[in-house]
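**Q** Place chain B with the ligands on chain A using the hints.
Protein chains in written order, with this note's numbering: chain A, 1 to 397; chain B, 1001 to 1292.
For the record, the hints were derived by calculation from the structure and aren't laboratory data.
Glycine included, every Cβ here is placed at the ideal spot set by N, Cα and C.
Where hints are given, some of them may not hold.
Claimed, not checked - Here are the computed distance ranges between Cβ atoms for each label pair:
#	chain 1	residue 1	chain 2	residue 2	range
1	A	Met-219	B	Pro-1084	34 to 42 Å
2	A	Asn-90	B	Pro-1196	32 to 40 Å
3	A	Leu-207	B	Asn-1268	46 to 54 Å
4	A	Asp-185	B	Val-1157	51 to 59 Å
Unchecked claim - Here are the simulated lysine-lysine pairs, DSSO-like style, with alpha carbons at most 27 Å apart:
#	chain 1	residue 1	chain 2	residue 2
5	B	Lys-1113	A	Lys-200
6	B	Lys-1276	B	Lys-1257
7	A	Lys-200	B	Lys-1024
8	A	Lys-200	B	Lys-1004
9	A	Lys-51	B	Lys-1113
10	B	Lys-1288	B	Lys-1159
11	A	Lys-205	B	Lys-1004
12	A	Lys-205	B	Lys-1191
13	A	Lys-205	B	Lys-1024
14	B	Lys-1160	B	Lys-1280
15	B	Lys-1287	B	Lys-1246
To be verified - Away from chain A, derived, C-beta distances all over 10 Å, residues of chain B:
#	residue
16	Pro-1196
17	Ala-1244
18	Lys-1281
19	Gly-1290
Below are the chains, spelled out letter by letter.
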Amino acid sequence: MKGKTAILEGSRAVAEAVRACRPDVISVYPITPQTHILEDLARFVSSGQLKSQFVRADSEFSAASIVYGASAAGARAYTASASQGLLLMNEVIYAMASTRLPVVLTAVNRAISAPITIQPDHQDTMSLRDTGALQIHVESLQEAYDAHVQSFRIAEDPEVLLPIFICMDGWVLSHSYEPVTVFPDEAISEFAGTFQPVQKLDPAKPLTYGSYADQDVLMEYRYALMLAQEKAREKIRSVTKEYKEVFGHFDGDLIDTHRTEDAEIILVAMGSMVSTIRAAVDELRAEGRKVGLVKVRTFRPFPEEEIIKACGKAPLIAVLDKSLSVNTGGILATEIKAAFYGNPVQPVIVPFMAGLGGKEVNRRVIKEIVDIACRAGDKQGPRGDTIWMGLDHGFFS
Amino acid sequence: MEVKELHAPGHRACPGCGCAIAVKIILRETGPNTIIVSPTGCLETFTSPIRSSSWEVPWIHSLFENAPAIATGVLAGLNSQGNPNGTKVVAIGGDGGTYDIGMGSLSGMFERKDDILYICYDNEAYMNTGIQGSSATPLGAGTTTTPVTGDSFGKMVEKKDMVAIALAHGVPYVATASIANLADLKKKVRKGMDNPGPAFILMLTPCNVGWGYEPEETVELARKAVETGLFPIVEFENGNMVSALKIRPVPVEEYLKPQKRYQHLFKNDKFEDVLKAIRKKAEDNIKKFGLA
Ligand SMILES: Cc1ncc(C[n+]2csc(CCOP(=O)(O)OP(=O)(O)O)c2C)c(N)n1
Ligand SMILES: [Mg+2]
Chain A
1 MKGKTAILEG
11 SRAVAEAVRA
21 CRPDVISVYP
31 ITPQTHILED
41 LARFVSSGQL
51 KSQFVRADSE
61 FSAASIVYGA
71 SAAGARAYTA
81 SASQGLLLMN
91 EVIYAMASTR
101 LPVVLTAVNR
111 AISAPITIQP
121 DHQDTMSLRD
131 TGALQIHVES
141 LQEAYDAHVQ
151 SFRIAEDPEV
161 LLPIFICMDG
171 WVLSHSYEPV
181 TVFPDEAISE
191 FAGTFQPVQK
201 LDPAKPLTYG
211 SYADQDVLME
221 YRYALMLAQE
231 KAREKIRSVT
241 KEYKEVFGHF
251 DGDLIDTHRT
261 EDAEIILVAM
271 GSMVSTIRAA
281 VDELRAEGRK
291 VGLVKVRTFR
301 PFPEEEIIKA
311 CGKAPLIAVL
321 DKSLSVNTGG
331 ILATEIKAAF
341 YGNPVQPVIV
351 PFMAGLGGKE
361 VNRRVIKEIV
371 DIACRAGDKQ
381 GPRGDTIWMG
391 LDHGFFS
Chain B
1001 MEVKELHAPG
1011 HRACPGCGCA
1021 IAVKIILRET
1031 GPNTIIVSPT
1041 GCLETFTSPI
1051 RSSSWEVPWI
1061 HSLFENAPAI
1071 ATGVLAGLNS
1081 QGNPNGTKVV
1091 AIGGDGGTYD
1101 IGMGSLSGMF
1111 ERKDDILYIC
1121 YDNEAYMNTG
1131 IQGSSATPLG
1141 AGTTTTPVTG
1151 DSFGKMVEKK
1161 DMVAIALAHG
1171 VPYVATASIA
1181 NLADLKKKVR
1191 KGMDNPGPAF
1201 ILMLTPCNVG
1211 WGYEPEETVE
1221 LARKAVETGL
1231 FPIVEFENGN
1241 MVSALKIRPV
1251 PVEEYLKPQK
1261 RYQHLFKNDK
1271 FEDVLKAIRK
1281 KAEDNIKKFG
1291 LA
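Here chain A stands alone, though its shape is the one from the complex (with noise of 0.2 Å):
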């Protein structure tokens, strides 16, 4: 099908996407950098270009619970938030993911206190990656908008239904003007559908929603949340796949490779980054290296089996992170290695934190990356330390 490409601000690109997919129940609370998706939902509820519940909260805490609710009462419903916010939602999160409410979140990546920042990196998200809820990472304002309109479907198929974020770097995707390519609200909705619940609040079938449980019955509830996100999995392809066939754009299932066939070092990262990243792998290439680039979109399912066939027998890979498990180090290098564990091509995993509360990781950084790991390849064993892209030493003296 043939879109509309215009110059879009990434809030916006979002926006118009959640516009489309119609949900029925908009709550979110402001916090930098999300605020603009919010006020463009707000806007387009008001001018009659949306017609949903637009839910003005007290908090993040009530707007997840607000979203909650309507979910649980049959409607589909999104919300957005950043940073401290999401930390903040991260109780509700957690129930609505175990009571199965396939809500449709923003999560605008941003840093996480202290000292307060509205820098971008991963910590937020990560904070909430146990709760069961589906996290797509982006690369482009492109990117942002198929897969909100892909999102709702994955969210709600009745094999799925959990809460699924989509997660866009702050500034750098949310406020970054690039053409976006967007296709007719009516298409949009045709390929979104709507929201049918298995269950709902309703009195002509009383459930009871939120029980009390003895020592029986949670690991199954758990349980049923790993089985969830397997059947994702499946979803994510083909919904991804049917939308490269309704509107023609496709940006990788569970993972997207760059240049990987004859790799010699691998950068594997997600988000915004992997855009310079698969600038900077380019660059090298024609210098004659053998760098490929392995993008994480979907870190929850994880694609453990994706990536250890992307990185095929590649002695060597280098992890970006923009998350910290204090003391224990990058958390997507940690699942990194630990999907390589028994795996009969062990290569060299070297662990990066490159752009932690937005430090800068331009070309050059990423080229230097790739000269320690080819460094630390020859000499390091696989339980190498984390690498601290640009740390200040100066600052502890």
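**A** Leaving out everything else, chain B with the ligands in the frame of chain A:
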């Protein structure tokens, strides 16, 4: 005539639970076309065990601090689908979920003027977790976190005034009710449901375990709370008081003495000032609302 209780028997409440009495009666009035929302607390625990729920109406619990926001969401969800049957949303929460941890969320619900009836069953402490003090625990009452020991006489400060807080939000219907007067409770539930916009009903629901008295005295104590003036039965529409139950005041001791949580006040003269303050509270209520 046999009534089908929408809050079915066989739940796990303690014998003598004031909340259980109240909820059964409330549901008789709301009828089946109602969705109930509850925060974490005794009510949630004793009614909802998995596979043995006692709710015959749709019911949802999510967390301790968000029942008002969940209720708002349920209502928005209904409205987004046109709510063709005019289903009502009623939240029923404990004092902890209302006065304390749910206050922000409740304030938001009031301010947005959401068409929800919020009923607080006030047993004046966190009972579900074993009788810890809340901001609804009254002056002088002993709980595990407002202990009676040395110079400490239980709760050292007054209870929060929830009725005033609801009124300050411009809540169009605000009332108090008692399980000692079920007809009045039902009437108020009806008004709260019919009234457009938010409504708030505060009920005092004695807890024999937490307050320390015999289970069969629950209703009698609820009555004494009213007759002393300590728990005035009042009703406000659009900020104006439209009714106040007249009483022939009885001494506060008749209410306090049967309860273990107040025993220390009668055993030690040094707490005379606390007793005085409680008496004054009753007198002030009587004056303020013209109860006598
Ligand atoms: C965020 C959070 N904090 C604390 C608790 C523990 N908790 C569960 S119920 C409860 C007390 C509830 O008190 P109240 O609202 O007065 O209801 P009651 O148990 O007295 O009926 C507490 C403290 C919890 N479940 N969640
Ligand atoms: Mg209580």
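**Q** Next, verify each hint and record whether it holds.
**A** Now for the hints, and whether the structure bears them out:
1. Taking the beta carbon of each, Met-219/A and Pro-1084/B are about 40 Å apart, inside 34 to 42 Å as hinted.
2. Checked against the given bound of 32 to 40 Å, the beta carbons of Asn-90/A and Pro-1196/B, roughly 35 Å apart, stay inside it.
3. Distance hint for Leu-207/A and Asn-1268/B: a CB-CB separation of about 53 Å, consistent with the stated range 46 to 54 Å.
4. At about 57 Å, the CB distance of Asp-185/A to Val-1157/B agrees with the hint of 51 to 59 Å.
5. Restraint check for Lys-1113/B and Lys-200/A: satisfied, since their Cα atoms lie roughly 25 Å apart, inside the 27 Å limit.
6. Restraint check for Lys-1276/B and Lys-1257/B: satisfied, since their Cα atoms lie roughly 14 Å apart, inside the 27 Å limit.
7. Of the supplied pair hints, the one linking Lys-200/A and Lys-1024/B holds, its CA atoms being roughly 23 Å apart against a limit of 27 Å.
8. Distance check on the hinted pair: Lys-200/A and Lys-1004/B sit about 23 Å apart at the alpha-carbon level, within 27 Å; holds.
9. Proposed proximity of Lys-51/A and Lys-1113/B is supported: the alpha carbons are some 20 Å apart, at most 27 Å.
10. Between Lys-1288/B and Lys-1159/B the CA atoms are separated by roughly 17 Å; this keeps the pair inside 27 Å, and the hint holds.
11. Taking the CA atoms of Lys-205/A and Lys-1004/B, the gap is about 16 Å. The hint holds against a cut of 27 Å.
12. Annotation: proposed proximity of Lys-205/A to Lys-1191/B holds, straight-line Cα distance about 26 Å (limit 27 Å).
13. Using a Cα cut-off of 27 Å, the hinted pair Lys-205/A and Lys-1024/B holds, with the two alpha carbons roughly 20 Å apart.
14. Pair hint Lys-1160/B plus Lys-1280/B holds up; C-alpha atoms about 16 Å apart against a cutoff of 27 Å.
15. Straight-line distance between C-alpha atoms of Lys-1287/B and Lys-1246/B comes to about 11 Å, which keeps the hinted pair within the 27 Å bound.
16. Every CB of chain A is more than 10 Å from the CB of Pro-1196/B (nearest about 17 Å), matching its label as outside the interface.
17. Its beta-carbon lying about 31 Å from the closest one in chain A, Ala-1244/B satisfies the requirement of being farther than 10 Å from that chain.
18. Residue-level check passed: Lys-1281/B sits 31 Å from the nearest beta carbon of chain A, beyond 10 Å.
19. At roughly 35 Å from the closest C-beta of chain A, the C-beta of Gly-1290/B stays outside 10 Å, upholding its exclusion from the interface.
Violation of the numbered hints given earlier is absent; every hint is satisfied by the structure.
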